[in-house]
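Could you build all of it, start to finish, from the sequences and the hints given here?
Heads up: the sequence lines are chains R and B, in that order. Here the first sequence stands for residues 1 to 285, numbered as in full-length UniProt numbering. Here the second sequence stands for residues 1 to 285, numbered as in full-length UniProt numbering.
Think of the hints as simulated: they come from the structure by calculation, not from any bench. Think of the CB as a built atom: it goes at the ideal place given N, C-alpha and C, for glycine as much as any other residue. Errors might be hidden in some of the hints.
[What the hints assert, rightly or not] Now the in silico label distances, taken between C-beta atoms and shown as ranges:
1. R:N247 with B:Y251: 47 to 57 Å
2. B:E50 with R:G177: 23 to 33 Å
3. R:A237 with B:A250: 51 to 61 Å
4. B:E270 with R:S150: 15 to 25 Å
5. B:S67 with R:G117: 28 to 38 Å
6. B:A241 with R:Q55: 41 to 51 Å
7. R:T149 with B:A241: 26 to 36 Å
8. R:L54 with B:A64: 46 to 56 Å
9. R:A237 with B:S69: 14 to 24 Å
10. R:P220 with B:E255: 46 to 56 Å
11. B:E50 with R:G230: 35 to 45 Å
12. R:E56 with B:D272: 42 to 52 Å
2 protein chains.
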Amino acid sequence: MSAAPAAKRQKASSPDDVASTPYKLIYWPGLPGRGEHIRLAFEEAGVAYEDTALQEDAVQQVLAQISTSNLAIGSALNVPPLAPPVLEHGDLVISQTSNILMYLAPRLGLVPDASNGDADAIYRLNALALTALDGLSNEVHDSHHPICTSLYFKDQRAEAIRSSKLFVKERLPKFLGYFERVLRVQAERDEANKWLCGAQLTYADLVLFQCLDGTSYQFPRAVKQLRDGGAYQRLFALHDAVKQRPNIAAYLASERRQPYGEGIYRYYKELDVVPEEDPEEDAKA
Amino acid sequence: MSAAPAAKRQKASSPDDVASTPYKLIYWPGLPGRGEHIRLAFEEAGVAYEDTALQEDAVQQVLAQISTSNLAIGSALNVPPLAPPVLEHGDLVISQTSNILMYLAPRLGLVPDASNGDADAIYRLNALALTALDGLSNEVHDSHHPICTSLYFKDQRAEAIRSSKLFVKERLPKFLGYFERVLRVQAERDEANKWLCGAQLTYADLVLFQCLDGTSYQFPRAVKQLRDGGAYQRLFALHDAVKQRPNIAAYLASERRQPYGEGIYRYYKELDVVPEEDPEEDAKA
Numbered sequence: 001m002s003a004a005p006a007a008k009r010q011k012a013s014s015p016d017d018v019a020s021t022p023y024k025l026i027y028w029p030g031l032p033g034r035g036e037h038i039r040l041a042f043e044e045a046g047v048a049y050e051d052t053a054l055q056e057d058a059v060q061q062v063l064a065q066i067s068t069s070n071l072a073i074g075s076a077l078n079v080p081p082l083a084p085p086v087l088e089h090g091d092l093v094i095s096q097t098s099n100i101l102m103y104l105a106p107r108l109g110l111v112p113d114a115s116n117g118d119a120d121a122i123y124r125l126n127a128l129a130l131t132a133l134d135g136l137s138n139e140v141h142d143s144h145h146p147i148c149t150s151l152y153f154k155d156q157r158a159e160a161i162r163s164s165k166l167f168v169k170e171r172l173p174k175f176l177g178y179f180e181r182v183l184r185v186q187a188e189r190d191e192a193n194k195w196l197c198g199a200q201l202t203y204a205d206l207v208l209f210q211c212l213d214g215t216s217y218q219f220p221r222a223v224k225q226l227r228d229g230g231a232y233q234r235l236f237a238l239h240d241a242v243k244q245r246p247n248i249a250a251y252l253a254s255e256r257r258q259p260y261g262e263g264i265y266r267y268y269k270e271l272d273v274v275p276e277e278d279p280e281e282d283a284k285a
Numbered sequence: 001m002s003a004a005p006a007a008k009r010q011k012a013s014s015p016d017d018v019a020s021t022p023y024k025l026i027y028w029p030g031l032p033g034r035g036e037h038i039r040l041a042f043e044e045a046g047v048a049y050e051d052t053a054l055q056e057d058a059v060q061q062v063l064a065q066i067s068t069s070n071l072a073i074g075s076a077l078n079v080p081p082l083a084p085p086v087l088e089h090g091d092l093v094i095s096q097t098s099n100i101l102m103y104l105a106p107r108l109g110l111v112p113d114a115s116n117g118d119a120d121a122i123y124r125l126n127a128l129a130l131t132a133l134d135g136l137s138n139e140v141h142d143s144h145h146p147i148c149t150s151l152y153f154k155d156q157r158a159e160a161i162r163s164s165k166l167f168v169k170e171r172l173p174k175f176l177g178y179f180e181r182v183l184r185v186q187a188e189r190d191e192a193n194k195w196l197c198g199a200q201l202t203y204a205d206l207v208l209f210q211c212l213d214g215t216s217y218q219f220p221r222a223v224k225q226l227r228d229g230g231a232y233q234r235l236f237a238l239h240d241a242v243k244q245r246p247n248i249a250a251y252l253a254s255e256r257r258q259p260y261g262e263g264i265y266r267y268y269k270e271l272d273v274v275p276e277e278d279p280e281e282d283a284k285a
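Shown next, in the form of structure tokens:
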């Protein structure tokens with residue numbers, strides 16, 4: 001948390017105002033979704049935030065943001081978002097998960113302490129967060145909706161099965177292996193380094209935790225098989241360590257944590273596949 | 001360009017060293033790909049950069065970065081990238097297109113002049129860049145490889161046709177309409193505002209130009225139909241204005257601009273579809 005006040009002083013144009021300005025997350029209700037990455041950052045930092053997903057008019061608040069009639073009236077600088085999550089902080093309204101996290105993380109103490117002289121740490125973290133979201137959020141979502149997001153699952157079920165078999169065989173090990181390697185790089189620098197950016201937990205670890213948690217929900221058999229195989233021990237240790245942090249554990253046990261449902265991560269029994277020797281052979285059968 | 005020196009002084013830990021430190025872009029040869037967004041930023045700014053795609057060992061340089069044996073030896077802070085583009089600048093090595101652009105843009109004068117007091121402009125720009133990349137780069141790519149990136153096109157040809165029909169009917173107008181609306185918001189604030197962030201060209205405009213240019217290469221009939229329809233006049237005016245900027249025009253006419261090929265954007269005659277009344281009906285026929 002030590003970096004937060006300094007970050008506020010450096011970045012905000014009116015530091016005293018902004019420090020006391022509430023944070024408001026606007027996101028769909030009833031599922032963790034992409035908004036979850038924002039929630040986990042606030043929860044780990046112990047910083048209060050308004051979550052519109054818990055409010056009665058949750059859907060309307062999202063629709064007001066993404067409506068084609070939203071012309072950002074009342075702001076001289078903001079532009080309307082295409083999709084949630086949306087963060088409001090004072091006069092600022094921004095969208096895109098990784099973008100919101102870049103804005104928030106220095107303010108929440110979730111980047112390495114600047115006293116180590118590494119002014120560019122945020123760019124390393126952002127690359128890691130984007131890579132986790134690419135492979136373990138976007139691609140996982142696309143596995144159940146491969147043809148088009150606008151089509152019902154039932155209308156692309158066969159394609160989703162084929163896509164999921166290839167995902168768990170080829171893409172999932174690629175991404176898990178990548179993050180295991182990043183953790184190995186850090187551990188070889190210093191054995192105390194158990195996080196993606198070294199010795200200190202950052203928001204990239206929270207993103208990776210949530211991505212792995214959601215992927216496990218959608219593909220429980222495949223993730224268990226890969227975990228049991230033992231090739232990704234540092235990665236699953238990170239997942240477990242995030243889950244056990246006091247603020248995160250309390251959050252996950254609370255009613256603020258939404259259950260998985262019809263969001264990014266979905267459980268369909270027919271997609272709960274494990275890597276096959278030849279998924280295409282199997283898919284054609 | 002006026003913002004560049006100030007940005008350098010503010011952001012770099014050793015400003016005098018970093019200002020004279022060469023930029024090196026590491027990317028696949030023979031196609032514009034995601035690396036193109038980085039190239040356009042350098043070209044518009046008129047800042048020299050090394051482009052490994054033009055070198056004899058271009059493929060090997062990418063492979064050295066993304067190899068599973070790359071453990072970022074020799075750096076105390078960098079982590080290996082999963083995929084290109086990769087930017088090297090002094091000791092810093094970072095990946096992910098939107099991330100590299102966030103790092104570069106203030107140094108290249110491609111964010112609004114900080115003298116307007118808007119310290120958060122970069123977060124608005126990054127959201128716009130990410131949204132363009134989501135809809136007009138990632139989704140366009142997925143239209144020709146909907147089942148899995150690891151599968152040949154011929155093995156997912158029918159699915160690609162179905163996906164492309166839905167993309168041009170539902171997703172493409174959604175994204176074009178979004179950016180048209182952002183430009184309308186800016187124009188209603190001041191009629192001199194013809195760029196995404198207002199009166200000044202930023203890197204988000206370059207990203208949108210390249211996304212639209214690539215999408216037009218893959219779906220020439222659909223984009224022409226939408227352009228001719230007249231509903232996206234500000235957007236196509238932006239595209240044309242970027243294309244005619246002296247540095248960009250000179251670059252596009254040079255041999256440094258790679259032709260489209262087997263990259264993000266691909267031309268397949270059978271995917272060159274136009275919006276139908278009911279693409280699913282058509283797909284089932």
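Item to complete: Given the range 28 to 38 Å, decide if the beta-carbon distance of S67 of chain B to G117 of chain R lies inside it.
Response: 29 Å, holds
| said: Quick check on a hinted range of 41 to 51 Å for A241 of chain B and Q55 of chain R, using CB atoms only. | reply: 42 Å, holds
E270 of chain B paired with S150 of chain R, Cβ distance criterion 15 to 25 Å
21 Å, holds
Fill in: Distance restraint evaluation - P220 of chain R, E255 of chain B, Cβ atoms, bounds 46 to 56 Å
52 Å, holds
Holds or violated: 35 to 45 Å for the Cβ distance of E50 of chain B and G230 of chain R?
-> Cβ of E50 of chain B to Cβ of G230 of chain R: about 41 Å, so the range 35 to 45 Å holds.
**Asked** T149 of chain R and A241 of chain B, beta-carbon distance inside 26 to 36 Å?
**Response** Hint holds: Cβ distance 31 Å, inside 26 to 36 Å.
Q | Outcome for the supplied range 51 to 61 Å, where the beta carbon pair is A237 of chain R and A250 of chain B | A | 52 Å Cβ-Cβ, so the 51 to 61 Å window holds.
Q.
Verify the CB-CB distance for E56 of chain R and D272 of chain B against the hinted window 42 to 52 Å.
A. 47 Å, holds
- Starting from the hint 47 to 57 Å, judge whether the C-beta atoms of N247 of chain R and Y251 of chain B obey it. 49 Å, holds
inquiry  = Assuming the hint says 23 to 33 Å, is it satisfied by the Cβ distance from E50 of chain B to G177 of chain R or not?
reply    = 30 Å, holds
Range agreement (Cβ of S69 of chain B with Cβ of A237 of chain R, hint 14 to 24 Å): Roughly 23 Å apart at Cβ, these two residues keep to the hinted range, so it holds.
Next item on the list: State, for the Cβ atoms of L54 of chain R and A64 of chain B, whether the hinted interval 46 to 56 Å holds or is violated.
Entry: 48 Å Cβ-Cβ, so the 46 to 56 Å window holds.
Hint check: no violations occur; every hint is consistent with the structure.
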